[in-house]
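S.K.: Position chain B relative to chain A; hints supplied.
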Amino acid sequence: MSGPVVMKSGDVPRYAPGERVTHWIVAITFVLLALSGLAFFHPAFWSLTAVLGGGVWSRILHPYVGVVMFVFFGLMALKYWKDNLIQPYDRAWQKRLPDILNNNDHGLPEIDKYNIGQKQLFLAWVVSMVLLLVSGVVMWRDVASFPVPVIRIASVVHAIAAVVMILGFIVHVYSAIFWVRGSMRAMTRGTVTHGWAKHHHPLWYRRVTGGGK
Amino acid sequence: MALQSLNVTKRSATTTQPPSVRTAEEPVAKLIDVSKCIGCKACQVACMQWNDLRDEVGTNVGVYDNPSNLTDQSWTVMRFAEYSKPDGDMEWLIRKDGCMHCEDPGCLKACPSPGAIVKYANGIVDFISDNCIGCGYCVAGCPFDVPRISKKDSKAYKCTLCSDRVAVGLEPACVKTCPTGAIQYGAKTDMVLRAEKRVGDLKERGFQKAALYNPAGVGGTHVMYVLQHGDDPERYSGLPSNPSISPWVSVWKGAAKPLASLAIGLAMLGAFFHYVTRGPKDEHAEGESK
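Going line by line, the protein sequences match chains A and B. Under the numbering used here, residues 1 to 213 are what the first sequence spells out, in order. Under the numbering used here, residues 1 to 290 are what the second sequence spells out, in order.
Just chain A, same shape as in the assembly (with noise of 0.2 angstroms):
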């Protein structure tokens, strides 16, 4: 988003065609893996091989998914890693955080794009992206030959930031999908209503829509 935009629709835009479509393909291939790492991970999720078609094909595909999602969870990063810088505005912000909890938002401190939930969630995901790209190269027998007794710690490291990935998911689904009302479609169809961006986000949308309102 650079500099004010002239709205025409009566909406605000959030999201760029293009942000979107790297968005869902970080989600798509997140969810493939989630499923047939979990299926790898603990014998109760083991049909969830039939996500990628059997035990042997998710064997094969799991690593080469990996790949897709770290290569556009990283223009994701690339893009938004200064939106997520954390302000003094964010812990104040934070400081109310059992108000947010309990959808009591009167008088919050004006945040930007992102509150500091967010920033939090995005600096673990880069993290355990770095950290699952790195072990699962390690883990790829098709492509790489490590110790034996580095290939142990990368399964485990592998295996705790992947789940931190995943409880980061539940959050971001639940907080985008039904908690936060209005949020989903900037995702879908790119932009917020003046209200949600007025309400959730004031200094960006001062920001994004030359001040005013």
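Hints listed in this document are in silico derivations from the structure and should not be mistaken for laboratory results. Note that the structure is a prediction, hence the values are computed from the model and not measured. Ideal Cβ placement from N, Cα and C applies to all residues, glycine included.
Simulated restraints on C-beta separations: (1) B/234 / A/98: 55 to 65 angstroms; (2) A/79 / B/234: 45 to 55 angstroms; (3) A/184 / B/22: 49 to 59 angstroms; (4) B/69 / A/117: 48 to 58 angstroms; (5) A/61 / B/20: 34 to 44 angstroms; (6) B/69 / A/137: 18 to 28 angstroms; (7) A/148 / B/152: 14 to 24 angstroms; (8) B/49 / A/24: 50 to 60 angstroms; (9) B/164 / A/137: 31 to 41 angstroms; (10) A/61 / B/206: 55 to 65 angstroms; (11) A/57 / B/204: 58 to 68 angstroms; (12) B/152 / A/193: 54 to 64 angstroms; (13) A/173 / B/168: 51 to 61 angstroms.
Mimicking SDA-like on lysine to any residue, the simulated pairs with C-alpha atoms at most 20 angstroms apart in a straight line are: (14) B/10 / B/164; (15) A/198 / B/283; (16) B/155 / A/138; (17) B/36 / B/177.
M.R.: Same frame as chain A, but now just chain B:
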């Protein structure tokens, strides 16, 4: 398909009771007396022949080991260690390497594919290749570096202790062929007794540290060694002196599984009950002015 006539006591990635109605299946063991081995490799040949395996013809790497390592085609390999004694004398320690058939198998613990690895009631740890997905977790789980993934079909292979022969009352092929009687096979209790007798003999002959190798760290093994220098198994081409399943593997395929599943479940329940108790957040909530 697992051998139908054998009880299964452990089955990979399985939380329910495996087939176990049969009675009177005694734990077996193969006893390899290193002090009697002459390094003729007849056992390697017998293994190839019985299991229809033919490794690629390799190159001489400067020692008698041939092939130089275990492969998907070579499930047992003689390892020749030249040990220089402090008095300047040289000792040739020849160890028949291969799967140890652990009572607590690290490969089976690590395996994510249901039924790809089983442990029969007789103690044999067997790879059921048809269920193998080729992930190589068994390689990471094994404390002895035994399983090998085939380049041809991406499945894991190792010594079966001739489970197919044992199931019909035959001894393993390597045992049958050994010309010096260095490899013996039978009930594990008998093998332990026989080993103890042999260890006693060796001690009388000046090998004060002779011992049976049946490492407790993996619950004992169903392939055991009589070692002249039982105080130093590492001397035998790096036989681990105290093998056990790596703590990393134990965390990965142990505590991490219930903890992670619980965390994921609680997160989903937490989100659901937050919605049920607090409901969705509207931008005009709390009577805020627009």
